[in-house]
Structures are given as C-alpha cells and as structure tokens.
Amino acid sequence: MTTTFTPRQPIWCAGCGHFGVQAAVIEGLRALAIPAHETAILAGIGCSGTMQNNISGYGYHATHGRVLPTATGMVVGNPNLTVIASGGDGDGYAIGIGHLIHAFRRNPSMLYVVMNNAIYGLTKGQPSPTAGPEEAPELPLDAVQIGLTFPSSTFIARGFVGRPAQLARLMREALTHVREKRGFAFLEVMSPCVTYNDTYPLWDAMYTDIEQEPGHDPGNRVEAAARCARLTAEGRLVTGLIYRGTGRTYESALHVDRVNTPAMRGSAPVARREDLGALLDRYYC
Amino acid sequence: MSTPVRKTLDDVNVMVAGQGGDGSLTIITLLSRLLGARGYHMFASRNVASRIKGAHAAGLLRGATVPRACLGDHLDILIAFDSEAIEVAGERLTADGIVIFDSSLGDIDRTRMKEGVRALSIPFGRLAVRDLRRDLFKNSLSFGVLTRVLGIDDDEALACLAQHFKSLAPAARDANLLAARGGFDYAGEQGMERGKGHWTLARAQAGKRLLMTGNEAVGFGFLAAGGRVFAGYPITPATDIMDWLAPRLPKFGGVVVQAEDELAAINLGIGASMTGARAMTATSGPGLALMMEGISQLGSAEIPLVIVDCQRAGPSTGMPTKPEQSDIGMIVHGGNGDLPRIVLAPGNPTDAFELSVAAVNLANRLQCPVFLLLDQSVSQDSATVPPFDIDAVTIDNGKRLTADEVAAMPQYRRYEITEDGVSPWALPGTPGGMNLITGNEHDEWGYVTTKPDIRVKMVDKRARKIRLAADRLPRARRFGDPGARVGLLGIGLELGVIQEAEERLAKAGHRFECLQPRTVWPIPEETLEFIRSHDRTYVIEHNASGQLAQLLRSAGAPADKICSVLRYDGRPFRPAELVDAILQGEAAK
Chain A
522 MTTTFTPRQP IWCAGCGHFG VQAAVIEGLR ALAIPAHETA ILAGIGCSGT
572 MQNNISGYGY HATHGRVLPT ATGMVVGNPN LTVIASGGDG DGYAIGIGHL
622 IHAFRRNPSM LYVVMNNAIY GLTKGQPSPT AGPEEAPELP LDAVQIGLTF
672 PSSTFIARGF VGRPAQLARL MREALTHVRE KRGFAFLEVM SPCVTYNDTY
722 PLWDAMYTDI EQEPGHDPGN RVEAAARCAR LTAEGRLVTG LIYRGTGRTY
772 ESALHVDRVN TPAMRGSAPV ARREDLGALL DRYYC
Chain B
10 MSTPVRKTLD DVNVMVAGQG GDGSLTIITL LSRLLGARGY HMFASRNVAS
60 RIKGAHAAGL LRGATVPRAC LGDHLDILIA FDSEAIEVAG ERLTADGIVI
110 FDSSLGDIDR TRMKEGVRAL SIPFGRLAVR DLRRDLFKNS LSFGVLTRVL
160 GIDDDEALAC LAQHFKSLAP AARDANLLAA RGGFDYAGEQ GMERGKGHWT
210 LARAQAGKRL LMTGNEAVGF GFLAAGGRVF AGYPITPATD IMDWLAPRLP
260 KFGGVVVQAE DELAAINLGI GASMTGARAM TATSGPGLAL MMEGISQLGS
310 AEIPLVIVDC QRAGPSTGMP TKPEQSDIGM IVHGGNGDLP RIVLAPGNPT
360 DAFELSVAAV NLANRLQCPV FLLLDQSVSQ DSATVPPFDI DAVTIDNGKR
410 LTADEVAAMP QYRRYEITED GVSPWALPGT PGGMNLITGN EHDEWGYVTT
460 KPDIRVKMVD KRARKIRLAA DRLPRARRFG DPGARVGLLG IGLELGVIQE
510 AEERLAKAGH RFECLQPRTV WPIPEETLEF IRSHDRTYVI EHNASGQLAQ
560 LLRSAGAPAD KICSVLRYDG RPFRPAELVD AILQGEAAK
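Protein chains in written order, with my numbering: chain A, 522 to 806; chain B, 10 to 598.
Honestly, the hints are just simulated from the structure, not real lab data. Here the structure is a predicted model, which means the values were calculated and not measured. A hint or two may mislead.
Unchecked claim - Derived DSSO-like pairs (lysine-lysine); straight-line CA-CA distance at most 30 angstroms:
#1 B:Lys408 <-> B:Lys460
#2 A:Lys645 <-> B:Lys460
#3 B:Lys217 <-> B:Lys260
#4 B:Lys516 <-> B:Lys598
#5 A:Lys702 <-> B:Lys598
As the list claims (entries may be wrong) - Covered stretches of chain A (chain B as the covering partner; in silico rule of three or more C-beta atoms under 8 angstroms from a C-beta of chain B):
#6 565-578
#7 629-637
#8 693-705
#9 747-754
As the list claims (entries may be wrong) - Estimated spans, in silico, between C-beta atoms of each pair:
#10 B:Ala255 <-> A:Pro722: 49 to 57 angstroms
#11 B:Gly338 <-> A:Ala774: 54 to 62 angstroms
#12 B:Lys260 <-> A:Gly646: 24 to 32 angstroms
#13 A:Pro528 <-> B:Thr411: 21 to 29 angstroms
#14 B:Asp183 <-> A:Ala774: 40 to 48 angstroms
#15 A:Thr670 <-> B:Ala401: 48 to 56 angstroms
Even glycine gets a Cβ: it sits at the ideal position worked out from N, Cα and C.
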C-alpha cells in the first residue's frame with residue numbers, strides 16, 4: 522500500500538461550526554461509498570479553506586474567491602470525479618460572488634458547500650457580505666434567494682451546524698444530486714465563528730425548517746422562493762431542502778463524454794493526422 | 010524623386026479602404042486567391058477601429074515573387090471607397106501608382122497624391138445602387154477594375170468571384186458577376202482592354218503554401234498537440250483563437266469554455282489542467298493583468314497551463330486594434346513571488362504553430378505556466394508559410410503516473426524534491442495517488458509549511474526545473490551575414506521587417522547579422538552570446554521604454570552594446586523606415 526498524505530487535524534478553534542460541516546462531508550462520502558481517489562475537494566481562502574487537508578481525496582487550495590471556476594474546470598476536464606467546492610461567505614459572497622451567479626447559470630454537476638459565519642474569521646473579525654446591519658453599513662445578501670431566481674439552478678439547500686441530523690441528510694441529498702450528474706448542488710451551512718461572531722444562540726432562535734412548513738414543495742420553484750422570501754422577511758433563518766429541480770447540466774451542454782473525457786484524451790496519442798490535416802485545407806493558396 | 014515606370018510587377022501592394030462594413034476585406038481575399046494561384050508569397054493586414062461598423066477600415070495585401078513577411082513601403086494600388094481613404098493612404102501611393110476612387114460622394118482630392126498617380130474615378134456606389142440596387146456590389150465592380158489593372162484575364166477573375174460567392178443565392182451571385190463585368194467595361198473605356206492591363210504580374214515559383222494568421226496557427230497547434238480544454242474571455246486581438254477553436258475542438262474530444270471574465274478563464278484552465286486535460290487560455294494585456302494571481306498560483310502549485318498573450322497597445326485599454334510589445338515586463342516579472350515560467354515568442358504563423366505545440370508539451374513536462382507572447386500583427390496579419398509539419402508533433406506528458414506506477418511506490422509525495430525539479434504527478438481518479446495541491450508554500454506532501462529549510466528547497470526546486478530545461482527550449486532564428494560586426498535583434502512582428510531591411514542593407518553594402526529569439530524567458534544563452542559577439546546590436550521593439558533591451562541588460566548583456574530602436578505609434582515598421590533608422594544609428598557611430 523502506497524503511503525500518500527494523511528489527513529490532518531483541523532486548525533479551527535474549539536467549538537467552530539466548521540467541524541460540523543466537515544463531519545457531514547465525511548459522513549456523506551462514506552454513506553454514498555464515494556472512493557477517495559474519485560473525490561476532488563477544493564477549498565477557497567480563509568478558515569474554511571483548509572478542509573481539503575483533513576479529508577482523504579485529491580485536495581486543492583484555490584486562490585481567493587476562485588474555487589467555483591476551478592471546480593467547474595475539473596468537472597469539464599473529468600466529469601467522472603465527484604467534485605466538492607467549499608469555502609466561506611467572504612470567499613464566496615464577496616470576492617467570488619460573480620462566479621456563483623455563473624455557476625447557477627451553468628449548472629455543472631458539483632457540490633458547493635458554503636460555511637457561512639457572517640464574518641471574516643481568519644483576518645480577525647471584519648464583517649462579511651452576510652453580516653447584519655449592526656455590523657456593516659451594507660445590508661446582508663442572501664445567496665439562497667439569489668440562487669432561487671435562476672431558472673437554471675437545480676439544488677438549493679441550507680443547513681445549520683446546530684442541527685447535525687438535518688445537515689447530514691442535506692449533505693447526502695446534495696452529494697446524490699452531484700453523483701447522479703443532475704447539476705450544481707448549492708448547500709449553504711450556517712456555521713458560527715465562536716471567536717469573533719458567536720451566533721449559535723441567535724441562529725438557533727431564528728431556525729426554521731422549511732420542510733416542516735405545511736404545503737412546502739421543493740419541486741415548485743416559485744412557491745419555494747415565495748415561501749423562503751416571506752419567512753426570511755419575518756426574521757426566520759430558513760433551512761432545509763428549499764428547491765430541487767432538473768435542468769441541463771454544463772457538462773452535457775458541452776457534450777463532455779464521461780467515457781472518454783478530455784482529461785483522458787489529453788494523454789492519448791494525437792488526433793489522426795488526416796483529420797488534423799483536413800483543418801488546413803481551406804488555408805492553402 | 011522619380012520612380013521608374015514599371016510594366017511588370019513582382020511586388021504588388023494593394024490597399025482597399027472605406028468605412029467599416031464596406032466589404033474592403035472581401036476584395037483582399039479575392040485578390041489573395043488570384044495571387045496565390047500565381048505562386049505569390051503574401052502578407053495581409055487589416056487596419057480597423059474598435060467598433061463593429063463604420064469608421065475608417067482598410068485591408069492591405071502585399072504579394073511578391075519572393076518571400077515577404079511585412080507590408081511594403083508604398084502602395085501600388087489604392088481602392089478608395091471614400092475621401093477619408095485618400096486622406097489616410099493617398100500619400101503612400103507610388104508615383105506610377107493607381108487610385109481607384111469611388112466618386113459617388115464627390116470628386117477626388119488629388120493634392121494628397123504624387124503627380125504621376127493615375128486616378129480612375131468611378132461612382133461605384135451610385136452605379137451599384139442604380140444598376141443592381143445594392144451598394145455592396147461596388148466591391149465586385151471595383152474588383153473588375155482591379156483585375157484589369159493587373160492584367161488578369163476576365164475569365165479568371167469571374168471564376169474567382171463565382172467560387173467565392175458559391176454559397177450565395179444564384180441571383181445574388183449573378184449580380185456580383187454582372188457588377189464585375191461593369192468594372193471590366195469601365196476599365197476598357199480607360200484603355201485597359203481585356204488582356205492588356207496597366208501592369209502585368211511577374212511569374213513566381215509555384216509552391217504549396219498556407220495563408221493564415223498567427224492566431225489561427227496557435228489554435229491549430231494547440232489542437233495538434235492534444236489540447237482539450239480552452240477557456241477564454243473575449244478580448245481583441247486574442248478572441249480569434251477562441252473563435253477558431255470553438256467549432257473545431259469539440260470534434261477532437263475537446264471543449265471550449267467561454268468564461269465570465271479572465272479571473273474565471275485562468276481558473277477554469279487550472280481546474281481542467283489538474284484533471285490532466287491539456288489546457289490553454291488566451292488574452293491580451295488588460296486580461297493578462299487580471300490573470301496574474303492565477304499565474305502565480307500555477308507557478309507555486311506546479312500546475313501546467315498555456316497562456317497566450319496577444320499584445321495590443323497599452324497602457325490600460327490603450328489601442329485595442331494596434332500592435333505593441335509592451336507586456337514583456339508584465340509577462341516576465343508579473344505575478345507575486347518568484348515563480349517558474351517560460352515565455353515563447355512566435356514571429357510568423359510557422360512559429361505560432363510550432364511554439365504552440367512546444368508550449369503545451371513544456372507546460373505538461375515542467376508543470377508550470379508557459380506563455381505564448383504574440384502581438385496584434387503576428388496574431389491577426391496573414392502570411393504565406395510552408396505547410397506545417399504535422400508529423401513532427403509529439404505528445405510529452407512528463408512525469409504522469411499510472412495507477413500501477415503509484416502502487417509500486419512505497420510513498421507518493423506530490424511535491425517530491427527531485428534532481429530535475431519536476432515531481433511525479435498522479436491525476437485525480439488515480440487509485441492511491443491522493444494528494445494536496447496548493448499555492449501556499451508546502452512540503453513534499455503538499456502540507457502547508459513556513460519552515461525555512463523546506464521553503465528554500467521548494468523555491469530552488471521550482472527554479473531548477475526551468476534552469477535545467479533551458480537548453481531544450483525553442484532556438485532563435487539567426488540569419489543575415491554571419492561575419493557582420495553589427496547585429497539586429499527583434500521578436501514578433503519585427504521579424505518580417507528585419508528580414509527585408511537586412512536584405513536591402515546587404516545590397517547597399519552594409520553587413521548585419523540578425524537574431525529573432527523565440528524563447529524570451531528564461532533568457533537563452535544564445536541571445537546574450539549574440540549581443541556579446543557583435544560590436545553593437547540594434548534591439549528593435551514596439552514599446553516606449555525598451556522592455557526587451559532592459560530585460561537583456563538585466564540578464565548580463567553589455568549595456569554599451571545595445572542600441573534601442575523603439576516605436577509605439579501603433580504602426581508596424583515599413584522596411585524603408587527600419588533601414589533609415591538603422592543607417593541613422595550607424596551614421597552616429
């Protein structure tokens with residue numbers, strides 16, 4: 522047996538919400554029996570950007586805010602991998618928000634798990650785009666509601682580390698969505714920073730499971746979006762499987778072949794000479 | 010100065026100019042077919058504004074019986090669809106030149122032309138609308154006049170036109186043919202009857218040649234080298250590469266991804282590269298500036314990627330459609346930290362093809378960013394070159410590991426410190442090869458570290474792989490007089506004009522040896538040796554600060570042996586301009 526890197530212990534503070542997110546990822550991979558060598562875990566910059574060091578798989582540490590295009594590139598290069606992009610709310614909603622919009626548009630089959638603690642922890646406590654009006658001059662953004670506005674989004678859920686059983690289930694659902702190549706699974710996890718923004722009691726009090734709401738149908742985007750907007754306006758923290766639908770995936774739109782991926786073809790011999798040569802026909806003068 | 014009246018042309022320079030959308034480029038394409046069939050070597054350029062329609066737009070074509078890879082000094086024929094075309098280019102006409110002027114909107118202004126220039130004023134636009142109901146037929150009308158001027162037979166001209174418009178509806182095609190006949194008639198009235206042109210074209214040695222742009226050749230090279238994922242964001246003058254690959258790459262099992270911005274483009278490339286797909290992105294200066302963080306990441310995390318920079322005039326948005334070589338500093342020094350990189354600079358479509366293949370292989374062998382440094386002229390001007398040697402293309406994936414190879418290793422460390430600085434590479438999906446890739450400083454396992462000894466070893470390892478590969482990087486093109494004491498040196502668009510200037514200088518008894526470095530970084534020993542071994546070397550470049558000369562000096566080229574010849578007005582040198590600049594420099598010595 523070849524020795525390769527051994528997953529490390531997390532660097533997070535005792536009580537950090539990210540422990541719960543990582544446990545859910547590991548449990549989800551185990552439950553779906555996804556082999557480590559088929560798993561690619563990409564992380565952004567910040568406290569959350571270290572999860573790849575702690576889980577067996579192919580790990581990558583992206584530049585700040587760029588985890589989504591990088592992960593999309595991996596899906597395009599080899600759609601047989603289970604690609605997990607992870608990061609924090611600063612990484613994903615501030616410097617990287619532009620890419621989130623386009624990930625919803627493209628719908629590549631991969632998981633994006635955002636650990637939202639409404640703060641920049643690693644740089645010691647600056648407000649993030651999800652910080653409340655008391656902490657920042659701007660009002661917070663809500664990525665779940667952003668995602669719901671895209672006709673191309675196919676999986677939108679929110680969990681809370683304070684409800685580990687629900688989080689584990691949402692993670693399994695999200696990974697199933699990815700594994701079955703149904704598109705972009707967006708899972709935001711409320712994951713408090715105990716050092717700079719301990720929101721456990723606040724979020725616990727606001728917690729609402731949309732799936733317990735009478736009449737909630739995760740297959741109905743319009744109703745789900747309306748319900749989500751209403752509950753949020755009432756000051757609730759909306760969690761659960763909010764929307765799940767079907768749509769064209771990015772890799773299928775690009776006709777990326779899972780049997781013969783661009784990655785595999787890249788290492789194969791060059792294309793047939795006559796096929797290449799034919800491309801030059803129109804240039805002969 | 011009087012120019013002898015010529016009967017036969019062996020070097021013909023034609024410009025077709027009007028407003029964008031006039032169809033100037035169509036006439037250039039048609040003429041290139043006719044000259045190509047005669048075995049002419051060609052160089053074609055366009056002069057356009059950064060807008061879709063309107064504003065002065067021109068196509069230029071030079072055809073010669075010997076290889077010529079730049080625009081000529083003068084124009085023999087100017088087809089002017091408006092008076093602005095005369096303002097812009099009238100002075101370039103030789104004394105025995107011909108201007109074919111569309112007089113629909115007024116008379117020609119002769120003050121801007123030499124006395125001997127013959128003007129054929131024809132209301133093309135008006136005639137086209139009157140007889141054929143569409144302004145656009147003025148192109149075929151003027152093409153008819155042009156072919157008569159050059160003594161090309163009417164049947165050949167009509168066959169060329171019919172071939173070009175073969176996909177048009179029959180009625181439209183016939184209208185174009187009718188328009189051309191109208192042109193013949195007019196030329197006949199001016200004394201240029203069938204088979205009796207103003208000039209005749211000299212015979213040229215026939216040969217199988219390609220007429221294509223550098224951008225097209227880069228795209229073809231990528232495809233031939235097993236390139237499979239191209240990620241880009243539209244930007245002039247790089248967009249052609251993406252546009253060329255978009256319909257073709259999928260047929261070879263690849264994918265073109267249009268990103269939301271350059272930040273996404275480079276990171277899509279990083280992601281694709283990490284799966285083992287051979288990947289490329291292409292941009293121009295402003296986009297390259299946005300990509301710099303990703304480029305630094307490629308260097309630190311040891312990920313292969315080819316980055317094409319089609320330089321345009323800067324700074325900032327600059328002049329998007331004009332050539333410059335002012336990204337040299339950014340491409341060699343840009344990105345935070347000391348990172349390994351290679352920069353290759355093609356000077357013509359042949360180079361663009363060969364260096365594109367080399368770049369893909371080098372990136373994968375050395376696991377680092379490899380740049381292709383073009384400029385707007387090399388990117389977008391067309392030139393005739395010999396057929397590409399597709400059989401010479403090989404695929405080098407470097408130290409990729411199979412699952413069996415991984416299984417046979419007691420330990421697998423992604424960033425193993427090796428003698429040649431390159432670490433074995435297990436792709437995601439390979440059983441047992443799980444690893445960590447990061448731009449943070451790391452140890453051999455990929456764990457983040459700040460330990461001073463490991464840090465130094467890793468920086469040295471990454472530098473070593475470039476240093477040890479240096480003697481296998483693409484060699485320079487060396488030409489001219491090997492015994493000359495004075496050198497001419499330039500990259501990219503300077504190649505064609507240096508070749509012609511050297512020829513002319515040699516005929517006048519001035520001896521020069523020339524070097525076109527095709528590897529810009531790391532600076533090859535042959536480049537430095539060239540400068541050391543000549544009394545002085547003119548370093549010719551398109552920027553205001555002498556970026557290439559600065560780079561050479563910083564690498565140890567003797568400063569007192571370098572004479573900079575700089576241009577930054579957005580135009581290429583014409584051969585006579587470069588000859589003058591060199592002779593002025595020599596006179597001052």
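(request) Of all the hints given earlier, name the ones this structure violates by number, lowest first. (result) 5, 7, 8, 9, 11 and 12
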